[in-house]
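**Q** Let the hints inform the model, and build the full structure from the sequences given.
Protein chains in written order, with the numbering used here: chain B, 1 to 307; chain C, 1 to 318.
Fair warning: there could be bad hints in the mix.
Selected chain B positions facing chain C (in silico; Cβ < 10 Å) [said to hold, decoys possible]:
#1 199
#2 277
#3 304
In silico lysine-lysine, BS3-like type, Cα no more than 25 Å apart, as pairs [as the list claims (entries may be wrong)]:
#4 B/305 / B/144
#5 B/268 / B/237
#6 B/144 / B/268
#7 C/15 / B/305
#8 B/268 / C/278
#9 B/144 / B/21
#10 B/144 / B/166
#11 B/145 / B/268
#12 C/191 / C/180
#13 C/28 / B/268
#14 C/205 / B/305
#15 C/118 / C/28
#16 B/268 / C/118
#17 B/116 / B/144
#18 C/205 / C/176
Simulated from the structure, these hints should not be mistaken for laboratory data.
Quantities reported herein were computed from a predicted structural model and do not represent experimental measurements.
For each residue, glycine too, the CB sits at the ideal point set by N, CA and C.
Listed below, chain by chain, are the residues.
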Amino acid sequence: MKNLSNLAEAREVNAEEHWAKKGRVDLYLYRKRPTGAGTLPLLFLVHGSSFSGRTGYDLQVPERSGYSMMDVFAGLGFDVWTMDHEGYGRSGSGGGNSDIASGVADLEAALEVIEKQTGQTACAFYGQSSGAIRAAAFAAANRKKAIKLALAAFVWTGEGSPTLAKRRERLEEWRSNNTRPVDAAFFHGMFTRDGTGYHDPAVPEAIAAAERLFGGTVPTGTYLDMCANLPLVDPLKISCPVLMIRGEFDGIAGEDDLIAFFSALPNKDKQFAFLPGQAHATQLGLNRWRFFHLLHGFLTMPDRKEV
Amino acid sequence: MVGESNQLSVLKDSKMSDIRSFEYRTRKGDVELYLYRKRLNQTGENKQAPPVLFLVHGSSFCGRSGFDMHPPGHDDYSLMDKFATRGFDVWTMDHEGYGRSSRTDGNSNIAAGVADLKAGTAMVEKETGLNRFAFYGQSSGALRAAAFAAACPERASHLVLDAFVWTGEGAPTLIKRREKLEQWRSSNVRKVDVAFFHSIFNRDKPGLSEPFVPDVLAESELSYGDTVPTGTYLDMCAHLPVVNPEDIDCPVQIIRGEHDGIATEEDLLAFFKALPNKDKQFVILPGQAHVAPLGVNRHRFWHVMESFLTMPPRMDDN
Numbered sequence: 001m002k003n004l005s006n007l008a009e010a011r012e013v014n015a016e017e018h019w020a021k022k023g024r025v026d027l028y029l030y031r032k033r034p035t036g037a038g039t040l041p042l043l044f045l046v047h048g049s050s051f052s053g054r055t056g057y058d059l060q061v062p063e064r065s066g067y068s069m070m071d072v073f074a075g076l077g078f079d080v081w082t083m084d085h086e087g088y089g090r091s092g093s094g095g096g097n098s099d100i101a102s103g104v105a106d107l108e109a110a111l112e113v114i115e116k117q118t119g120q121t122a123c124a125f126y127g128q129s130s131g132a133i134r135a136a137a138f139a140a141a142n143r144k145k146a147i148k149l150a151l152a153a154f155v156w157t158g159e160g161s162p163t164l165a166k167r168r169e170r171l172e173e174w175r176s177n178n179t180r181p182v183d184a185a186f187f188h189g190m191f192t193r194d195g196t197g198y199h200d201p202a203v204p205e206a207i208a209a210a211e212r213l214f215g216g217t218v219p220t221g222t223y224l225d226m227c228a229n230l231p232l233v234d235p236l237k238i239s240c241p242v243l244m245i246r247g248e249f250d251g252i253a254g255e256d257d258l259i260a261f262f263s264a265l266p267n268k269d270k271q272f273a274f275l276p277g278q279a280h281a282t283q284l285g286l287n288r289w290r291f292f293h294l295l296h297g298f299l300t301m302p303d304r305k306e307v
Numbered sequence: 001m002v003g004e005s006n007q008l009s010v011l012k013d014s015k016m017s018d019i020r021s022f023e024y025r026t027r028k029g030d031v032e033l034y035l036y037r038k039r040l041n042q043t044g045e046n047k048q049a050p051p052v053l054f055l056v057h058g059s060s061f062c063g064r065s066g067f068d069m070h071p072p073g074h075d076d077y078s079l080m081d082k083f084a085t086r087g088f089d090v091w092t093m094d095h096e097g098y099g100r101s102s103r104t105d106g107n108s109n110i111a112a113g114v115a116d117l118k119a120g121t122a123m124v125e126k127e128t129g130l131n132r133f134a135f136y137g138q139s140s141g142a143l144r145a146a147a148f149a150a151a152c153p154e155r156a157s158h159l160v161l162d163a164f165v166w167t168g169e170g171a172p173t174l175i176k177r178r179e180k181l182e183q184w185r186s187s188n189v190r191k192v193d194v195a196f197f198h199s200i201f202n203r204d205k206p207g208l209s210e211p212f213v214p215d216v217l218a219e220s221e222l223s224y225g226d227t228v229p230t231g232t233y234l235d236m237c238a239h240l241p242v243v244n245p246e247d248i249d250c251p252v253q254i255i256r257g258e259h260d261g262i263a264t265e266e267d268l269l270a271f272f273k274a275l276p277n278k279d280k281q282f283v284i285l286p287g288q289a290h291v292a293p294l295g296v297n298r299h300r301f302w303h304v305m306e307s308f309l310t311m312p313p314r315m316d317d318n
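**A** Spelled out as structure tokens, the structure:
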């Protein structure tokens, strides 16, 4: 029996920074891939509402291992990209609230850079939370650019979502400000709001330390969209294979809402997986290796054959 | 470094020539039941018992015909070989009235199949020393496996249900099959022939299996006789649901071929939603119909099933 984490760690991985332009806004891209590799399958990781791409997908937690999803999938032979959306992390801001539509435009700008760098015009996308909404909306609007789509902690209509019911209590705040403050207590709350015992407390500490460098605020656009403007994605417009991943305790969506979205997807190459012992941030939980296993299985599905 | 979960497992492929096969017979009252086993030849390095995968056949062909098929010139149809080379100890059995097991006066319905599995798994425990196994069932074999997992939760570590049906509501195949309901009620066996085996592969959408597959299946099955029991047909036409999802407590993967007419997606998703264990997956396979293990895209079926069966262990305090 081989150990896939050993496989992932066996390869040396190198990192690159790139920049894309969306009008006058500079957008930061980050790439990790095995050193010296040629053309590899592309995997683009789309971040959510509250922390930037490198913070969420290349997290280095003191005295812990296996928290960088970019390192894991680069080690497994993928050319892994992420970006900071407008107003997040190292990217610039045009003063807007960086809503889902803005995120789709960010991804369109990023894909131009990726095509220049790799010669490839389409990626597999993974999105988490509102990053899943961004990724799904992008795939719906740019069918030829999405080879596969993995949606974790996704929400469609918002019906039956405890997290969004709570978040709507502050709807006027999201409407009247384009940014909201975030601090260590907020990041801890993200990991404990659905239940405790599914993450290492060092993780929100590391996220807070990473995000502190970027000014202590993040945009409100995706919060506003999730509270007031759902649904933002028409499943009928998504044509690629889809994997939907739902943490057992995730309050961001009702199960019926997600299964209705899954049922409506027209491409029958689709999977729905529950992950027990997981809450909202699946790739950063104690059971993240089960999530990596699941996603890797989806991304490495053999090609179809015809008689 | 803090010790943490990082065992993401991929099983190493081994050569077919390393596989050994074994035959067993067990008893269910007066009925003699045939079991077949394939696994890698155990060397001195392999001290740990490999995980057991038990394959449960459906209504129309026995365990070895469906799960250990070797068409001339093709070495990639045996599900038993595939999972044996991936490190599993793979078992199957012929249910009462099928293959090498006793031909009786009974109709070998789902309840009889559950009793067969109780006898079969007692033999597996005796031979392996293990008492929990992963089960894969196909078509009415999925009903047998699910009903067994519900009745004997201590025996089932994982459950893969392929071409399953729950209530049967709206299922095109069962609507058609009900036209002969009186025949299934009045006779405990039904005739099978080459044309029948072709119909299994062509009734939903032709072209999703290689044309020689039903011929190979027919040749194998007709060597046992030209009838099979009617019990599972009768159960699927008149007695569904025969499984309560709330009684199943192990992780479950449901696999659905895109064109399979044995159930509707709505029926299967309703079953999926009702499963109490949140370790569960629902997979639709495009380019597949009713018999995924024997379709042209069987390698995709192997891939999703292996991924489910090799999921790393949980690291929270569940």
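**Q** Against each hint, give a clear statement of whether it holds in the structure.
**A** Evaluated hints:
Taking 10 Å as the C-beta contact cut-off toward chain C, the hint placing residue 199 of chain B at the interface holds, the least distance being around 9 Å. A least Cβ separation of about 4 Å between residue 277 of chain B and chain C falls short of the 10 Å threshold, and the interface hint therefore holds. Evaluation of the residue 304 of chain B hint against chain C yields a held restraint, the C-beta minimum of about 5 Å falling below 10 Å. Under the criterion of a C-alpha separation no larger than 25 Å, the hint pairing residue 305 of chain B with residue 144 of chain B is consistent with the structure, at around 21 Å.
The straight-line distance between the Cα atoms of residue 268 of chain B and residue 237 of chain B is roughly 13 Å, inside the 25 Å bound, and the hint therefore holds. Between residue 144 of chain B and residue 268 of chain B the alpha-carbon distance is near 17 Å, which keeps this suggested pair within the 25 Å criterion. For the proposed pair residue 15 of chain C and residue 305 of chain B, the alpha carbon gap of about 24 Å is at most 25 Å, so the pair holds. With a C-alpha separation of about 23 Å, the suggested pair residue 268 of chain B and residue 278 of chain C falls inside the 25 Å cut-off, and the hint holds.
Only pairs whose Cα atoms come within 25 Å are accepted, and residue 144 of chain B paired with residue 21 of chain B is accepted, the gap being roughly 21 Å. Restraint check: the Cα-Cα separation between residue 144 of chain B and residue 166 of chain B comes to about 37 Å, which exceeds 25 Å; the hinted pair is violated. Note on residue 145 of chain B and residue 268 of chain B: the hinted pairing holds, with a Cα-Cα distance of about 19 Å set against a maximum of 25 Å. Distance restraint check for residue 191 of chain C and residue 180 of chain C: the Cα-Cα separation of roughly 13 Å lies within the 25 Å cut-off, and the hinted pair is therefore satisfied.
This hinted pair does not check out: residue 28 of chain C and residue 268 of chain B have alpha carbons roughly 42 Å apart, beyond 25 Å. Simply put, residue 205 of chain C and residue 305 of chain B have alpha-carbon atoms about 15 Å apart, close enough for the 25 Å limit, and the pair holds. Taking the CA atoms of residue 118 of chain C and residue 28 of chain C, the gap is about 9 Å. The hint holds against a cut of 25 Å. A distance of roughly 36 Å separates the Cα atoms of residue 268 of chain B and residue 118 of chain C; the hinted pair therefore is violated under the 25 Å criterion.
Proposed proximity of residue 116 of chain B and residue 144 of chain B is supported: the alpha carbons are some 17 Å apart, at most 25 Å. Distance hint between residue 205 of chain C and residue 176 of chain C is fulfilled; the C-alpha atoms sit about 15 Å from each other, no more than 25 Å.
Hint compliance for this structure: hints 10, 13, 16 are broken, all remaining hints hold.
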